[in-house]
Amino acid sequence: MRRHLLILLTVAIMIPSLSAILLGGAGLIQHEKTMKMVARSYVVDIAESFASRLDLSWSRTRTFPLANRERFMRPRQLTWGLSIPGWVAVVDVQGNILLSTGDADALPLLWEKGIPIGAAIEVESREGEKFTLAAYPAGETGWYVVAAVSWDKLLGPMLRFSRWPILVGMTGLLGLISVLALWKWLVAPLRVLGTEVSTLQLGKDIPEEDDPSAVFEIRRLRQVLHHLARGAVERAELMKRYVGDIVRVQEEERSRIARDIHDGPLQDVTALIHQIRLARMEGTERSGDLVRLENAEEGARHAVNEMRALCDELSPPWLDLGLSQALDELAERLSRYLGVEISVEVNTEEELPPDVTLAFFRVVQESVHNSVRHGEASRVNVRFFREGEVAVLEVTDNGKGFDPPADFEELRVRGHRGLANMSERMSLIGGELEVSKSPEGGTLVRCSWWLTSSSA
Amino acid sequence: MTIRVFLADDHPLTRAGLRDYIAKEKDLELVGEASDGLEAWKIIEREKPDVALLDIRMPGENGVSLARRIKGSSLPVVPVMLTSFDAQQYVMASLRAGARGYILKTVTPEELSRAIRVVARGGLYLDGEVARSIEDGHSAFETLSTREREVLLHAARGLSSKEIAGVLIISERTVQTHLASIYDKLGARNKTEAMLLALKYGIVALEELIE
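Chains as they are written, first to last, in this note's numbering: chain B, 1 to 456; chain Y, 1 to 211.
It is worth saying that the hints were derived from the structure and are not from the lab. No residue lacks a Cβ here, since even glycine has one placed at the ideal position from N, Cα and C. It is possible that part of the hints are untrue.
[To be verified] A few chain B residues facing chain Y, derived, Cβ under 8 Å:
1. Asp268
2. Met281
3. Val304
4. Leu334
5. Ser335
[To be verified] Calculated cross-link-like contacts (lysine-lysine; reagent style DSBU-like; alpha-carbon spacing at most 30 Å):
6. Lys240/B <-> Lys184/B
7. Lys437/B <-> Lys24/Y
8. Lys42/Y <-> Lys24/Y
9. Lys400/B <-> Lys162/Y
10. Lys48/Y <-> Lys71/Y
11. Lys48/Y <-> Lys24/Y
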């Protein structure tokens with residue numbers, strides 16, 4: 001009930017308004033009809049009474065009571081007074097006016113229409129004035145009495161004084177207009193706003209700032225909502241940039257440290273090995289010294305190997321060789337290190353920007369580790385290919401597989417950062433990451449990146 | 001007849017050690033040294049050494065690109081990479097760029113002089129650490145069959161097992177059996193290592209791999 005309250009209320013207000021209009025209209029029509037009937041019976045009465053008086057007078061004197069014109073007319077004046085707007089005329093069969101009060105200029109029209117005897121009709125004068133008119137034969141005299149009443153003069157004031165149906169109609173109309181206005185500027189915009197708010201993805205969508213067809217309050221509500229949503233989007237954007245910065249700074253730092261190790265200590269210890277070897281070659285009398293030098297060389301070589309491994313772990317320098325060769329190298333190293341079979345298939349010569357190469361590289365690194373650690377896979381396939389304008393990287397394994405959650409952030413909350421990080425890395429370069437079941441029952445990680453998109 | 005050697009490395013101590021290595025050999029003569037890629041190119045052009053030892057990471061121009069430049073210029077100079085990177089992909093990249101040798105900086109003096117002599121004679125030398133040699137423990141080195149050699153060459157050119165199966169009109173499983181047999185015979189752990197070892201043993205020529 002309350003769910004549709006606005007619609008119900010609108011309808012509830014509309015019903016009385018509509019009935020008021022109908023009522024007003026019906027009243028108006030009824031009023032006019034009554035007036036017409038009143039006017040008709042009125043003129044018929046007058047014509048009849050005059051005719052009977054004329055007939056009476058004729059039968060008594062056998063003369064037209066022209067001489068007694070004043071007397072003849074008196075009763076009318078007495079009965080009606082001067083306020084009655086109408087006239088009476090006596091005409092002969094030829095239509096000549098023998099006697100009339102006031103201007104009987106509507107009479108000729110009567111001839112045109114033909115005279116309905118004893119019944120009233122409505123005619124219009126040449127000036128557009130409306131009359132109700134009736135003719136009545138005056139007994140044996142052969143004359144006719146015609147009585148008429150002007151609508152403008154008689155009914156006009158009466159209509160004017162009985163405006164209630166109009167007022168009711170007007171009120172109804174006003175109500176109807178109000179309802180329409182209410183609907184157009186309040187209810188409809190409110191409903192639109194409601195739908196927008198219920199489907200709004202905070203941090204993603206921004207609703208329109210203004211709705212010119214809404215009332216002020218809704219417009220202000222909309223402005224506030226727009227403001228809040230924009231704030232959320234900005235925050236989300238900031239968050240994304242923040243995470244992006246962390247990843248970028250981390251990678252930069254790692255590659256800087258790797259470079260520093262490579263160019264600094266690694267070279268120093270290498271040079272140290274050279275010196276030890278030279279010292280050994282030059283020889284010494286004491287055999288104990290030779291053993292020490294050999295031990296020192298062994299230790300230094302070990303340090304070099306450790307530093308190389310550290311560099312590869314931090315930021316492999318061979319990433320510069322491009323994705324295809326970096327993947328080959330990674331696969332060879334990981335398969336040696338994790339004891340898993342890894343095949344790499346690269347079916348495109350596509351050159352990728354360094355940050356995209358890095359993102360793909362890290363995804364493979366993480367995926368292979370996940371496959372072995374969580375999926376207990378013994379075989380991993382890495383495929384890189386092009387699908388139209390999309391560069392696709394797929395990592396499939398023959399492990400246990402798992403049902404990936406709809407939202408990787410859930411995993412992050414539970415402390416499993418791997419997938420969330422992979423997804424984050426892809427989204428930072430403008431790509432996408434999907435995880436599903438592989439045809440073998442293991443896991444399929446699929447990354448796509450639009451070749452046309454430029455990465456930040 | 002002495003072999004004229006050039007050395008480019010941005011690390012002075014490394015250069016000093018290697019300089020002393022070379023000085024110990026009577027048939028080797030160091031004709032120039034450079035600490036960056038651009039300087040290196042100038043000296044190589046001027047001195048035309050027999051062998052140029054190039055660090056991969058150098059300011060100015062890296063060693064791989066320098067090797068490519070030497071190859072392109074048709075100078076009678078043999079580039080050899082001398083680096084700290086032990087990634088096999090670097091070996092492949094260097095060989096494709098025209099290098100005839102790949103040595104790690106932790107190389108012993110004996111190995112270094114042997115490498116220089118081998119490449120000066122027109123041979124190919126790969127460091128034991130990036131492509132282990134027979135002496136390193138793998139004893140049962142057998143000759144590859146013609147089919148295995150074919151499979152290895154296709155794999156080396158970057159074809160997947162499926163693609164090789166398509167080219168040779170055999171099943172993918174057969175290709176994998178061949179590859180496993182190749183790895184076993186060469187003592188390789190993966191495709192790249194198999195290629196490098198095949199090169200090292202002279203089973204395939206560098207030109208065949210690079211096309």
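Going through the hints against the structure:
1. Given the 8 Å rule on beta carbons, the hint for Asp268/B holds: about 7 Å separates it from the nearest Cβ of chain Y.
2. Nearest Cβ of chain Y to the Cβ of Met281/B: about 7 Å, under the 8 Å cut. The hint holds.
3. For Val304/B, the suggested interface contact is upheld, since its CB lies about 6 Å from the closest CB of chain Y, less than 8 Å.
4. The interface hint given for Leu334/B is broken, as the beta carbon of that residue sits about 11 Å from the closest beta carbon of chain Y, more than 8 Å.
5. Given hint, Ser335/B at the interface with chain Y, holds; its Cβ is 7 Å from that chain's nearest Cβ, closer than 8 Å.
6. With a C-alpha separation of about 40 Å, the suggested pairing of Lys240/B with Lys184/B is violated against the 30 Å cut-off.
7. At roughly 62 Å between alpha-carbon atoms, Lys437/B and Lys24/Y are farther apart than 30 Å, so this suggested pair is violated.
8. Taking the CA atoms of Lys42/Y and Lys24/Y, the gap is near 26 Å; set against the 30 Å cutoff, the hint holds.
9. For the proposed pair Lys400/B and Lys162/Y, the alpha carbon gap of about 25 Å is at most 30 Å, so the pair holds.
10. Restraint check for Lys48/Y and Lys71/Y: satisfied, since their Cα atoms lie roughly 13 Å apart, inside the 30 Å limit.
11. Of the pairs offered as hints, the one joining Lys48/Y and Lys24/Y holds, with about 22 Å between alpha carbons and a cut-off of 30 Å not exceeded.
Hint check: violations occur at hints 4, 6, 7; the rest are consistent with the structure.
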